[in-house]
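As given, the protein sequences belong to chains G and B, one line each in that order.
Going by our numbering, the residue at position 19 of the first sequence is 19; the numbering climbs one at a time, nothing skipped.
Going by our numbering, the residue at position 267 of the second sequence is 267; the numbering climbs one at a time, nothing skipped.
These are computed hints drawn from the structure, not numbers from a lab.
Certain hints may be false.
In silico EDC-like links for lysine to aspartate or glutamate, alpha-carbon gap of 20 Å or less [to be verified]: (1) B:LYS172 <-> B:ASP278; (2) G:LYS50 <-> B:ASP186; (3) G:LYS150 <-> B:ASP278; (4) G:LYS150 <-> B:GLU137; (5) G:LYS150 <-> B:ASP33; (6) B:LYS318 <-> B:ASP39; (7) B:LYS29 <-> G:GLU118; (8) B:LYS170 <-> B:ASP244; (9) G:LYS50 <-> B:ASP244; (10) G:LYS150 <-> B:GLU11; (11) G:LYS150 <-> B:GLU54; (12) G:LYS50 <-> B:ASP189.
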Amino acid sequence: MMDSIEGFVNVILGLLFTPQIFVPLVYPGLLTAAVMAIVIIWLERKVAAKVQLRYGPLYVTKRMGGVTQLVADLIKFFFAEVIVPRDVDKLPFKLGPALLLTFSLLPVVALPVSGQFEAFRSDATLFLAVALLSVGPIYVIIVGWASNNKFALIGGLREGYLLVCYELPVFISALAMAVLYGSLDLVELVRMQGPGLWGALLNPFAAVSFLVATFMSTSRFPFEIAEAESEIVMGPYTEYSGICYGLCMAYSYIKLYVKSILFALVFLGGWLPTVWPFTLDPTLPGLIVAFKAAAVMLVGVFLRAVYPRYRIDQALQIGWRPLFALSTASLVWSLFMVGVKVGGWV
Amino acid sequence: MTLEVVEKHLELLIGPQHPGSGHMRLVAKLDGDIIVGFDPDVGFVHRAVEKIAETKGYVQIIPLVERPPLVDCVNVNLGYVLALEKLLGVEPPPQASYLRVLAAELNRVASHLYGIAIHAIMIGSSTMFMWPLADREVLLELLQDLSGARVTYSYVIPGGVRRGLPEGFKEKALKAFRYLRRRLRDYDDLFLSNPVTVNRLRGVGVIEMRDAVNLGIVGPNLRASGVPYDVRRAEPYCVYSDLDFEVMTRREGDAYSRLLVRIGEIEQSMKIVEQCLDKNPSGPILHESFLRGLSPKARAYMEQTGRVRFPALFSALKPPQGEVSVRVEAGRGELFFYVVSDGSPTPYRLRMVTPSFRNLAAFRHVMVGNRLADIPAIYGSLDYFPPEADR
Chain G
1 MMDSIEGFVN VILGLLFTPQ IFVPLVYPGL LTAAVMAIVI IWLERKVAAK
51 VQLRYGPLYV TKRMGGVTQL VADLIKFFFA EVIVPRDVDK LPFKLGPALL
101 LTFSLLPVVA LPVSGQFEAF RSDATLFLAV ALLSVGPIYV IIVGWASNNK
151 FALIGGLREG YLLVCYELPV FISALAMAVL YGSLDLVELV RMQGPGLWGA
201 LLNPFAAVSF LVATFMSTSR FPFEIAEAES EIVMGPYTEY SGICYGLCMA
251 YSYIKLYVKS ILFALVFLGG WLPTVWPFTL DPTLPGLIVA FKAAAVMLVG
301 VFLRAVYPRY RIDQALQIGW RPLFALSTAS LVWSLFMVGV KVGGWV
Chain B
1 MTLEVVEKHL ELLIGPQHPG SGHMRLVAKL DGDIIVGFDP DVGFVHRAVE
51 KIAETKGYVQ IIPLVERPPL VDCVNVNLGY VLALEKLLGV EPPPQASYLR
101 VLAAELNRVA SHLYGIAIHA IMIGSSTMFM WPLADREVLL ELLQDLSGAR
151 VTYSYVIPGG VRRGLPEGFK EKALKAFRYL RRRLRDYDDL FLSNPVTVNR
201 LRGVGVIEMR DAVNLGIVGP NLRASGVPYD VRRAEPYCVY SDLDFEVMTR
251 REGDAYSRLL VRIGEIEQSM KIVEQCLDKN PSGPILHESF LRGLSPKARA
301 YMEQTGRVRF PALFSALKPP QGEVSVRVEA GRGELFFYVV SDGSPTPYRL
351 RMVTPSFRNL AAFRHVMVGN RLADIPAIYG SLDYFPPEAD R
């Protein structure tokens, strides 16, 4: 009897620690994403409070500086009534938040956190991650439309306009890195950054345009335009309440988390500088990636304390002119670097 | 044949339950992102101040008129009391006049800081929302020292002020101004020269000089359009004619220039307060006709503590028949009082025209042609305060 239980537990554990389950559910997937979002939102509020001469979250677990405030908020969201207004398009309205969160988290399956431990091996994981990331905003537009509210509609439209102008620089700067390292495989990309030649050093143009587009796509200030509170209440999510609103709010943070991991992998050397014996076990590389991603996220959320928000037309101008030009320049720069390497021009 | 109703313009009802509307409804007609029609629907916080005033004694009206423009109450208080004194034919002693100006200017700074904070949060800068509101605390402390209250001070009373200058007030005020001047540099670093702020506000919501005059806009909004009109200079009251200050004006007339005019006026107000503290003459703080009404005990109390206990005379103040009008420069612009007395203990009519009420005329004019996202940016730049306009 005992043997069978033990065997059962072992099977479950074995199953849990297979990469195909562990990656989407535990790390870097759902569980880590949730913890990371909670900690980052807490840090965001704490840092902003420090700048603004306030305390920030304090009273929930006072000894730890209120770090579990977000857990309390989450519980509150769970028990708040979810109101579905009479005139909304019910199916997309109800499904929207779940799909939003799903598609913001789905790209983690393509993200390796160490050379050995990955959900599946493909030679196009970079492309896959970027492509999956660009699905989420479509649901923002859908919930904005389904809400049958003018503010939600305007918010959805703003997201739609921004979507085109921030995804293009993301794709082009990702392409620039693929050209530079000659691969679309993220594991290969990190391996190529081995001798300290991090992507951000080799091609700073691509790094900057990718980062700015990331902040634009995740509604960070000064590009918090789709939700602009004083203009259109809460943008596409105006009609949502309870946990549905919680999911919508989590969407941008989860997306920021995933994009930050991608940024860490492509531009900040991924799990480097881990050396040989440690690369066999995925723990240390995983932690390094998480640390780098958290640093990127922190930069993103700190901007709230510094900037007001741009107007939609100004943001579109930034997206289409300097950002697009910068990402294109990064592609040209990559081609030049490849030329230097292959042709030995210099 | 079927008739199809096509809505060409999107009508957006912003408020009164909206984070960016204040206590009013803004009806915006949009063509795409451009505003083609704009109509502020006000009156949600109307409190019938003018009508209630007809049922109150003259001294009881002081706290009543203070309520509508809550963050700028000394100036309103001063305006009303000046009108009342004109009816009574009473001239306050010089020290009281200096103290009135001092309190009014401290309050003006607090009011401008409040307006700047609201303007900042309307374009999304949460830091610039918190900073001025926190720094307003410095001025509230000073006013608390002076009057004993943090809001609605009722500091100015007929014939003088309620309290003299407390011990060590000058040092405290100078220290506060050193702090505020340092903070103004911080505001400049973080907000005023922030490229996003400049992009959001420059060239947005322009009111040309001619339009500003025709619409009857007052205060910093008028001065930002290039009209150097300030009641403190145009028709000096209290001791403003003895004080040296600049009337801040700018030419552009856009949202950014209105913000800069407010910042400039904060500096000028601090300069005025410093002069008041330097010149502050000694002497009584209440007019002698009221001093005579005090009991010997109350007079001894006043001499000992520098605080006035209201003379019994105040409760049944009966100005002679007549009508007066008075203008003062409140934080948001020219404030006008018109009081008619029929010789009874209550006024026959009290008319109070507040600066926000005058600036309301700008909304319909200035919004058209701008973008949806500019509505809060312009609204905040006008420093419009709904309770003050509705009264």
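Quiz item: If you check each hint against the structure, which ones fail?
Solution: 3, 4, 6, 7, 9 and 11
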